[in-house]
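Visitor: Dock chain V against chain H, hints included.
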Amino acid sequence: MDNESLKSKITAWEPDATFVEEGSQFLNVIITPEKVLNLANKLRFDENMLFDFMFCLTCVDYPDHFMMVYHLRSIKNKHEMVLKVKIDNKEKPEVETLSAIWRTAEYHEREVYDLFGVVFLNHPDLRRILLDEEWVGHPLRKDYVDTVNMISL
Amino acid sequence: MGGTSFEKRLCRYGKHDFIMIEESTIKEGIKTQEYFVNMGPQHPSTHGVLRLMLELDGENVKKVIPHIGYIHRSIEKMCEKDSYRQIVHLTDRMDYLSAHMNNEAVCLLVENGLEIEVSDRVKVIRTIMSELTRLASHQLWWGVMGMDLGALTSFLYGFRDRELINDIFEETCGARLTMNYNVPGGVMFDIHPNFQQKVKDFIKHFKTKLPEYDDLLSNNVIFRQRTEGIGVLTKEDAISYGITGPTGRASGFSNDIRKHKPYSAYDRVEFKEILMETGDTFSRYKARILEMWESMSIIEQLIDNIPEGEIQSSAVKAVIKLPKGEYYQSVETARGELGVYVVSDGLKSPYRVKFRSPGFSNLFILDHLAHDYKIADLVAMMSTIDLVVPDIDR
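These protein sequence lines map, in sequence, to chains H and V.
The first sequence begins at 1 in my numbering and counts up one residue at a time.
The second sequence begins at 154 in my numbering and counts up one residue at a time.
No lab work stands behind these hints, which were simulated from the structure alone.
Being a predicted model, the structure only gives us computed values, none of them experimental.
Every residue gets a Cβ at the ideal spot worked out from N, C-alpha and C, and that includes glycine.
Certain hints may be false.
[Unchecked claim] One side of the interface only, derived from the structure: several residues of chain V facing chain H at Cβ under 7 angstroms:
(1) HIS225
(2) ARG226
(3) SER227
(4) LYS388
(5) TYR394
(6) GLY395
(7) GLY478
(8) VAL496
(9) LEU500
(10) SER502
(11) SER514
(12) PHE517
[Said to hold, decoys possible] Listed next, the in silico DMTMM-like pairs over lysine to aspartate or glutamate satisfying Cα-Cα at most 25 angstroms (straight line):
(13) LYS234(V) x ASP64(H)
(14) LYS501(V) x ASP64(H)
(15) LYS90(H) x ASP498(V)
(16) LYS501(V) x ASP143(H)
(17) LYS142(H) x ASP88(H)
(18) LYS470(V) x GLU270(V)
(19) LYS86(H) x GLU134(H)
(20) LYS412(V) x ASP146(H)
(21) LYS78(H) x GLU389(V)
(22) LYS230(V) x ASP52(H)
(23) LYS142(H) x ASP498(V)
(24) LYS388(V) x ASP132(H)
(25) LYS425(V) x ASP457(V)
(26) LYS477(V) x GLU21(H)
(27) LYS215(V) x GLU106(H)
(28) LYS216(V) x ASP520(V)
(29) LYS234(V) x ASP146(H)
(30) LYS351(V) x GLU389(V)
(31) LYS474(V) x GLU21(H)
(32) LYS42(H) x GLU96(H)
(33) LYS78(H) x ASP125(H)
(34) LYS439(V) x GLU461(V)
(35) LYS230(V) x ASP132(H)
(36) LYS216(V) x ASP125(H)
(37) LYS78(H) x GLU423(V)
(38) LYS90(H) x GLU34(H)
Next up, chain H with everything else stripped away, as it sits in the complex:
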């Protein structure tokens, strides 16, 4: 499916979704945290979509929001897109886990929880993955300061 038909299909499901194509090689679909589980289910299992391979999951810390970024690819239909979730609540960032839909998300979400502090609701095993359990703070946040271990140039 090309980007235009992807767009119209997603708009039919979620009228609130916004699309960005400029400045990226993929079609970007931006959605709110409440709607993501519903849309992800449709993207994964709908016959015309079948996005079965999540090849990248990460988060970006912007000054006024967190952006969850899911790169999706369909093996059968050979199309790709980026699903983004804009989390406005920077004090208490929360989003539903997608680990039941794509198994690889379970471990990538643990990494995002560890390094960004985004909490994934209903996650089967939400623990820090790279850092120590006693570590304070989330290093990939822009406001993170560690006077002991960080060397600034």
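Guide: Relative to chain H, chain V alone:
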């Protein structure tokens, strides 16, 4: 009280008949207890600082809980302070056995972002270097795989042949492991005058040696029994868990970036994507052996046809600033898909960099694979997943 009975079974393997004695323990009356054992962080078969917490019932693995991060350096955070030229040098500290491909991923991303076309000479040199790296990585993997299963000889064979590739790298790049040969817009130096001859000599040498690998391990009865039918991964699981590289292709998951999104000179060479069906430990092993033949074929097609051209594009400035936007570039390393995701706000350092490393996704299949197998089988599975720990921890 329990007891042990032995059962004799006639087995046929190829031309050989042999009698296998199976032990079956009568469990009634024996109270068993599940317990945890730490495998690692210092363990020969984890090839690095990786700790697996095993939940065991006797010798049967019930659950594998990987603990990673022992050598986490937060390369992604470092990248936010570095210029794009500096980032290239950090990447070969991730998967040091695919150093060249890791460098290439960042260089390709910057070149695509700046919309710069590198010369054909650079493309061909990069492709030859990548395939040599893949060969060296697979040779090391093969040697270590034998050692993990208790055959030290293969280790010496693998390292003997890998040494020749390292010599070729040393002559042209000045380094043997972390080459740092790629720069945005080209490669650092021209190839050494001896390069073509040495590569051809190596290919000629290795073509006679690769069948020895088959004699030593692939056709070995003990090796086959320890790998065939062990740890079967289905195609659906491979896709869902995001398993790429030869590990995924052994399950029939077609994911070769070189085929699907050709970069450098991969669109002008002919090679097969190695796809297997069974997805067991042996097919993961076989996929890599066959990949070595394909790599040699790619190098042979290119080595006599290196076009003339400039080594570094003059269009790339000393200070690189990518236009505002988001970029994603993937390359096929020896372990699978390495993706680089960059968010740029137009400054000389990126706003955010994410490395989608193949090792990180591949590691977590272990728990799924190893369930109800013995610890020794877990070692065989871990070998064929081909983990490099710095690639997982980043």
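Visitor: Taking the hints in turn, state whether each one holds.
Guide: Each hint, compared with the structure:
{"no.": "1", "hint": "HIS225", "in the structure": "4 angstroms, holds"}
{"no.": "2", "hint": "ARG226", "in the structure": "10 angstroms, violated"}
{"no.": "3", "hint": "SER227", "in the structure": "6 angstroms, holds"}
{"no.": "4", "hint": "LYS388", "in the structure": "9 angstroms, violated"}
{"no.": "5", "hint": "TYR394", "in the structure": "5 angstroms, holds"}
{"no.": "6", "hint": "GLY395", "in the structure": "3 angstroms, holds"}
{"no.": "7", "hint": "GLY478", "in the structure": "3 angstroms, holds"}
{"no.": "8", "hint": "VAL496", "in the structure": "6 angstroms, holds"}
{"no.": "9", "hint": "LEU500", "in the structure": "14 angstroms, violated"}
{"no.": "10", "hint": "SER502", "in the structure": "11 angstroms, violated"}
{"no.": "11", "hint": "SER514", "in the structure": "5 angstroms, holds"}
{"no.": "12", "hint": "PHE517", "in the structure": "5 angstroms, holds"}
{"no.": "13", "hint": "LYS234(V) x ASP64(H)", "in the structure": "21 angstroms, holds"}
{"no.": "14", "hint": "LYS501(V) x ASP64(H)", "in the structure": "22 angstroms, holds"}
{"no.": "15", "hint": "LYS90(H) x ASP498(V)", "in the structure": "21 angstroms, holds"}
{"no.": "16", "hint": "LYS501(V) x ASP143(H)", "in the structure": "20 angstroms, holds"}
{"no.": "17", "hint": "LYS142(H) x ASP88(H)", "in the structure": "16 angstroms, holds"}
{"no.": "18", "hint": "LYS470(V) x GLU270(V)", "in the structure": "14 angstroms, holds"}
{"no.": "19", "hint": "LYS86(H) x GLU134(H)", "in the structure": "28 angstroms, violated"}
{"no.": "20", "hint": "LYS412(V) x ASP146(H)", "in the structure": "44 angstroms, violated"}
{"no.": "21", "hint": "LYS78(H) x GLU389(V)", "in the structure": "16 angstroms, holds"}
{"no.": "22", "hint": "LYS230(V) x ASP52(H)", "in the structure": "30 angstroms, violated"}
{"no.": "23", "hint": "LYS142(H) x ASP498(V)", "in the structure": "14 angstroms, holds"}
{"no.": "24", "hint": "LYS388(V) x ASP132(H)", "in the structure": "34 angstroms, violated"}
{"no.": "25", "hint": "LYS425(V) x ASP457(V)", "in the structure": "21 angstroms, holds"}
{"no.": "26", "hint": "LYS477(V) x GLU21(H)", "in the structure": "13 angstroms, holds"}
{"no.": "27", "hint": "LYS215(V) x GLU106(H)", "in the structure": "20 angstroms, holds"}
{"no.": "28", "hint": "LYS216(V) x ASP520(V)", "in the structure": "6 angstroms, holds"}
{"no.": "29", "hint": "LYS234(V) x ASP146(H)", "in the structure": "15 angstroms, holds"}
{"no.": "30", "hint": "LYS351(V) x GLU389(V)", "in the structure": "43 angstroms, violated"}
{"no.": "31", "hint": "LYS474(V) x GLU21(H)", "in the structure": "21 angstroms, holds"}
{"no.": "32", "hint": "LYS42(H) x GLU96(H)", "in the structure": "15 angstroms, holds"}
{"no.": "33", "hint": "LYS78(H) x ASP125(H)", "in the structure": "32 angstroms, violated"}
{"no.": "34", "hint": "LYS439(V) x GLU461(V)", "in the structure": "37 angstroms, violated"}
{"no.": "35", "hint": "LYS230(V) x ASP132(H)", "in the structure": "17 angstroms, holds"}
{"no.": "36", "hint": "LYS216(V) x ASP125(H)", "in the structure": "14 angstroms, holds"}
{"no.": "37", "hint": "LYS78(H) x GLU423(V)", "in the structure": "22 angstroms, holds"}
{"no.": "38", "hint": "LYS90(H) x GLU34(H)", "in the structure": "16 angstroms, holds"}
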